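Read off the chains here:
Number of protein chains: 2
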Amino acid sequence: MPKLRLLTPGPTPLSEPVKKALSLDMIHHRKQAFQEIFRQVQKDLQYLFGTQQPVLILTCSGTGAMEASVLNLFNPGEKVVVINGGKFGQRWKEIAQSRELDVVEVKLEWGKTVQLEQLSSILDQNQVQGVLVQASETSTGVLHPIEEIAALCKQKNVLCVVDGISAVGISPCPMDKWGIDCLLTGSQKGLGLPPGLGFVALSQKAWDKVAQVKARGFYFDLLREKQKQAQAQTAYTPAINLIVGLAESLKYFREKGLAKIYQKQRALTELVRTGLTQLGLELLAKTNYTLGLTSVILPVGIDGNELLAILAEKYGYLIAGGQDHLKGKIVRIGHMGYVDYVDLSGCLFGLHQALLECGWANKSRHFLENAMEVYWKIMAKEEDLWEKKTK
Amino acid sequence: MPKLRLLTPGPTPLSEPVKKALSLDMIHHRKQAFQEIFRQVQKDLQYLFGTQQPVLILTCSGTGAMEASVLNLFNPGEKVVVINGGKFGQRWKEIAQSRELDVVEVKLEWGKTVQLEQLSSILDQNQVQGVLVQASETSTGVLHPIEEIAALCKQKNVLCVVDGISAVGISPCPMDKWGIDCLLTGSQKGLGLPPGLGFVALSQKAWDKVAQVKARGFYFDLLREKQKQAQAQTAYTPAINLIVGLAESLKYFREKGLAKIYQKQRALTELVRTGLTQLGLELLAKTNYTLGLTSVILPVGIDGNELLAILAEKYGYLIAGGQDHLKGKIVRIGHMGYVDYVDLSGCLFGLHQALLECGWANKSRHFLENAMEVYWKIMAKEEDLWEKKTK
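Chains as they are written, first to last, in numbering that gives the first Met the number 0: chain H, 0 to 390; chain X, 0 to 390.
No lab work stands behind these hints: they were computed from the structure.
Keep in mind that the hints are not guaranteed to be accurate.
Copies of the same chain are indistinguishable here, so a pair counts whether it falls within one copy or spans any two.
Straight-line distance between alpha carbons at most 25 Å, and here's what the computed DSS-like set of lysine-lysine pairs gives [to be verified]:
#1 K227 to K92
#2 K30 to K225
#3 K250 to K19
#4 K326 to K30
#5 K176 to K153
#6 K255 to K380
All figures in this text were calculated on a predicted structure; none of them were measured in a lab.
Please model the entire structure based on the sequences and the hints provided.
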């Protein structure tokens, strides 16, 4: 049996300090030891989100955090724009419809980003309350231009609601600076934790809107959570061991600094993209790509399921396939959480071998050395492009 | 610093196999290794709940599972009876009201159980769709007569919805045998896991009702979960490491057998009750008491907060105070999860000492030996009263 490496776009491998924290014996969520951890976590989450607003911690998956945002920000019958460029854009739409919102859908080809002119004219033609969008669309690996979308939303006076599930802690998404009204994420992507926690932060404008929404639900009532979490407690029993693990994960972000982490994520991404391109493979997201995963289009005639099986069973790499209509046609390599360049190099090697075993004829040499050199070139820079962007 | 022991009514101490399982590296929730664990867990949960129906696993706290039940079983405007005998009865009421249900409240003095005649006449006078009740009310330690309530509900043709959060895995609550229509629990009580998972099972009659409920929400849509979980998957990313821990916890239940576990819980409960009574203290729940915690009324003049502080700081025991109007007037000793008779004996000793240090004059002797003897007397029985009840 090969040594198994998990390179899916969430969940991710866990670091040793996080694993240790997860296995600590229980502490009580209404007692002081927990509250001290909670207060530090709250501060660290504000740094991670780039906000002065409280970042609320919910015991649920990322989808729960998405629904919480919709339930608290919009009354049934209100109109919103949903940018739907993949499975999670589709999820925004389904959640909005389950809230009985009037959805104006901007449907994109999977792999493409939204065009700002198109969005601007849709906002001019429709009286909407908000725009729901992914920062990073996990099903394709596309990065939407959130800074520009948020600026446009501000100009048109609508709420900019951002699913940051595979973006927060991976690529810059400074909430206050960019003027995002709602930013949310989950624990199992950039934070390198098991799934089970959701995080939501709202701008003052968004909080003003929440106060006007009546039926916000019970478990996901963010006003109640805000009041409780101001006292370093949660409204209901939280996932205690995940929060203790979160403290370890956030300590790493605080000590390393976000800029360095984004730099590493960019270096990992360019490593993977260089390797795949030099192998002669086509990438799904051509220009606006996320730093947490890379989607690659499989050559004609290659069976995606067979490929994934060989890669897992022989080379020890668990990566993700495509979702919905891209099932069997693309594979997605995750590079977020506790993952380094060696893990990814081995994955590129295994992927190439598995492709050959599936009947691909394109034998390549030197792609690995080139890919790894790109990584170290980016890492060697004192000041990174992304670093400037977040200052 | 004393060695710290957590004896609150949830969360509870964790066993070593559970702690180890929680810290294992991530596996992917759409891959085979996870699905194998999930299928075993599903079978074991059916054994725990005493049902042939699927027991759905949700990533949320117990309160989330309560709201999920209400959202799926009742349309806004429908009428339900809520049995409110404590903080969690109150929570049923608040959840039902947030769903805009018409609530008929049966308000009980804290520490008392519902009278069946009273409930029967309320059901005759009101056309209701369901009765919402706690099996064990965690804020008081009272056990409601669920077998009888479920029979009455069946007779009156209303749904019997039971919050089993501090009952499932602690005292018998066989769902199918008793005719419960909805039974739910959380992970941090009898199961001896961290919080973060909720569990819900519905009878066929309840599932038939769900099909008639339109706006069931998104994250808590139980029909969608039922379809997904039939394929050993969850609708959304689940709390993977808690489910891996759950497999360990349920293995213990399967191997020991429920009857033996209930016998141990009864022995622990009688140990605590004997010790407290022999100390001259008054118990809050006189006759119908839960097997997972014991509430004791503090002598007049004793400051509950001071008592809890001395018990924690000097004797190393974290127990719970009273909630709402009983704050400072009672304390609650948890005896569920990974807790044994030695942990509890030390707690009784520490509680007595702390009472004396708070100014109580009632010096007792021999209460510990008597309490521990009661424990071993119950444990020595081949056949236990509770064992018969669940056969």
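Hints, one by one, checked against the model:
In this homomeric assembly, K227 and K92 come within 25 Å of each other (Cα to Cα) only across copies, at 20 Å, whereas the closest approach inside a single copy is 30 Å. For the homomeric pair K30 and K225, the shortest alpha-carbon distance inside one copy (19 Å) is at most 25 Å, but the shortest distance between copies (36 Å) is not. When the C-alpha separation of K250 and K19 is checked against a cutoff of 25 Å, the pair qualifies both within a copy, at 14 Å, and between copies, at 23 Å. In this homomeric assembly, K326 and K30 come within 25 Å of each other (Cα to Cα) only across copies, at 15 Å, whereas the closest approach inside a single copy is 48 Å.
In this assembly of identical chains, the alpha carbons of K176 and K153 lie at most 25 Å apart only when taken from the same copy (12 Å versus 59 Å across copies). For the homomeric pair K255 and K380, the shortest alpha-carbon distance inside one copy (16 Å) is at most 25 Å, but the shortest distance between copies (60 Å) is not.
Of the numbered hints listed earlier, not one is contradicted by the structure.
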